[in-house]
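Residue-level listing of the chains:
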Amino acid sequence: MKKRLLIAGPVAAVASLVLPGVAFAAEATPILETPEASINAMWVIVAGVLVMFMQAGFLLLEVGFSRAKNAGAGVAKVLVNFSIASLCYWACGFALAFGGLGEIAGTHGFFLNVGSSIEEAGKSIPFVETYSISPAAFMFFQFVFCAVSLAIVWGATLERIKFSAYIIYAVIFSAVLYPVLSHWIFGGGWLQANVGMQDFAGSTVVHLIGATGAFAALLLLGPRIGKYTKDGKPRAIPGHSMPLVGLGVLILWLGWFGFNPGSTLGAIGGRFAEVVVVTNLAAAAGVVAAVAVMYLLSKTIDIGMAGNGAIAGLVAITAPSGYVEYWAAPIIGAIAGVIVVFGVIAIEKVIDDPVGATSAHGLAGIWGTLSCGIFTSPRLAEFNEVGDPGLWYSGSLHQLGAQALGVGVAFGCVFVVSYGIFFLIKKTIGLRVTAEEEDAGLDISEHGMYGYPEQFIPQPEYSTGLQLGGAPPAVGAAAAPAVSPMTTTEP
Amino acid sequence: MKKIEAFIRHEAFEPIRAELLDKGFPSLSIIEAKGSGRQKGIVERYRGSTLTVNVRPKIKLEVVVEDKDKSVVVETILKHARTGEVGDGKIFVLPVEEAIRIRTGEGGEPVLQLHEESEIPT
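Chains V and X, in that order, are what the protein sequence lines are. Heads up, the first sequence is in my numbering, so the first residue is 17 and it goes up one at a time. Heads up, the second sequence is in my numbering, so the first residue is 0 and it goes up one at a time.
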């Protein structure tokens, strides 16, 4: 996300000169009705819809990495969390994140009460005028980011967390926690305005925050039963469907073409197309690097790790996608692919993270944010008007320091708050299902049904109406009825 | 009557079934079985961790025949199920007390015989 100066006035003036059709009516035409605003709204809504579809990606990734007895639980989880976040972000979150340029949080726009025109909304939401975009499109795009961040929290807690914990944390996360942090880095708050931290689409804001929440939950939640041997070695608990994991990863990859390029918040000038290419290069390098490293370690082409490599590359390029040139993207993605492999193996020794979220979103998110401090090019730092060029161009550690400060602040704040929330949940209603419920699977114990009924219920109690001809023959009778079962069902 | 239970490799089943049918033994059952023996388990690698699966999948083939037919069936199984490697499986022969055909309720060794052509619905 970039912090442009408020240039809506000059933009309208230039537009009136360049676009003759608008020129005569320039004084009277509201900005929302200009072609520029319409094109921007169109692109941002398309991008927002792509980001919304990432919920399907998370769903399939998590379901695939679960055992079959927990396959249905993910469906309810994703739908309920997305819906809670929709309501909370509209009611409260958006205002805290973008309702003004205060250092800590915004103050206007609760329930999106900002008026429908850009001129009106611009009084309380500065970005609407800066980017010349409809307030509804802007709010929707920001909301789906919040929903992605929330979804990241839960991947790590699969197969043992109580559903009620989702609901409580989701309300606080989407109404207050995520919005305040995103205000600091996206919405003109102190990390962006005073420190000059660069985070184009949210390696820190979306991914590190989500992974930090997951990390706090994992410390209190503990591993799944059977994850560790008596002498503490991690066991593999294979997920039940690698094809679902693959589909999930590809949907996330697709969604990322809304995530990063949409963060240009406009289509005019075509900057978003460059961001698409940068994003894809990093994801590809992440896969290649993760597969290669894993092959050197275990002599197998690991399916799950190929997926983690893609996600890590995408997470890492999220912050720098609007700040770096093409050549830097594969380097950033490849390093993320290496980080995720060693991260998953190292983290698994102590905490049980079934999908690798703390590595793929957390460690790769930190790396991606720091990589701005190395690779940000002078041209794009100037274009985005946030921070300075990175170490590679400037020879100065200044921007790297700003990035590190931002990472530290985001991790610290989110960890403390999340740990507190999960601690209270654990002490009151409990964070984890009982051992019996975990053994039976969350599908039947939390949701009262199986995700794959026919796998667990071999024969239902109702009869399928098997009707054979004639009365049952006496034991020992020699003659067989000369009627085949096929004919008896006909009238 | 004898019941022949054979634990065999999956790929051995189809040739055994075809030859038993040719020789007049169409009735048999198979069960997907998992077991351990001298053949070692499989090591699965999953996202950097390993998991040893200590049992391997086999097919359990069950055929009930008259005493005189036992050796024909056993030889057919031996012929197709043997590769010479560890893991070919085992055959067990058990005595059977009684056999009853559910459709008619008739009992005894006739139950094990082939159907007459006229009995088979087309």
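The hints are simulated quantities; they were obtained by calculation from the structure and are not laboratory data. Every residue, glycine too, gets a C-beta built ideally from N, C-alpha and C. Check each hint, because a few of them may be wrong.
Sample of chain X residues at the chain V side, in silico, Cβ under 8 Å [as the list claims (entries may be wrong)]:
(1) Tyr45
(2) Gly47
(3) Ser48
(4) Thr49
(5) Leu50
(6) Arg55
(7) Lys59
(8) Glu108
Pair ranges (Cβ atoms, derived) [what the hints assert, rightly or not]:
(9) V:Ile241 <-> X:Asn53: 14 to 20 Å
(10) X:Glu43 <-> V:Glu119: 48 to 54 Å
(11) V:Ile241 <-> X:Pro109: 52 to 58 Å
Hint check:
With a least beta-carbon distance of about 4 Å to chain V, the hint placing X:Tyr45 at the interface is held under the 8 Å criterion. The closest approach between the C-beta of X:Gly47 and any C-beta of chain V is roughly 4 Å, which is under the 8 Å cut-off, so the hint is satisfied. Because the closest C-beta pair between X:Ser48 and chain V is about 4 Å apart, less than 8 Å, the hint holds. A cut of 8 Å between beta carbons decides the hint on X:Thr49: the least distance to chain V is about 6 Å, and the hint holds.
Look at X:Leu50: its Cβ gets to within about 4 Å of chain V, closer than 8 Å, so that hint holds up. Of the supplied interface hints, the one on X:Arg55 is violated, with its beta-carbon coming no nearer than about 17 Å to a beta-carbon of chain V, more than 8 Å. Taking 8 Å as the C-beta contact cut-off toward chain V, the hint placing X:Lys59 at the interface is violated, the least distance being around 18 Å. Proximity of X:Glu108 to chain V is violated relative to the hint, the smallest CB-CB distance being about 14 Å (cut-off 8 Å).
The hinted window of 14 to 20 Å between V:Ile241 and X:Asn53 holds, with their beta carbons roughly 19 Å apart. At roughly 52 Å, the beta carbons of X:Glu43 and V:Glu119 sit within the given window of 48 to 54 Å. In this structure, V:Ile241 and X:Pro109 meet the distance hint of 52 to 58 Å, their C-beta atoms being roughly 54 Å apart.
In terms of the numbered hints stated before, the structure departs from hints 6, 7, 8, listed from lowest to highest.
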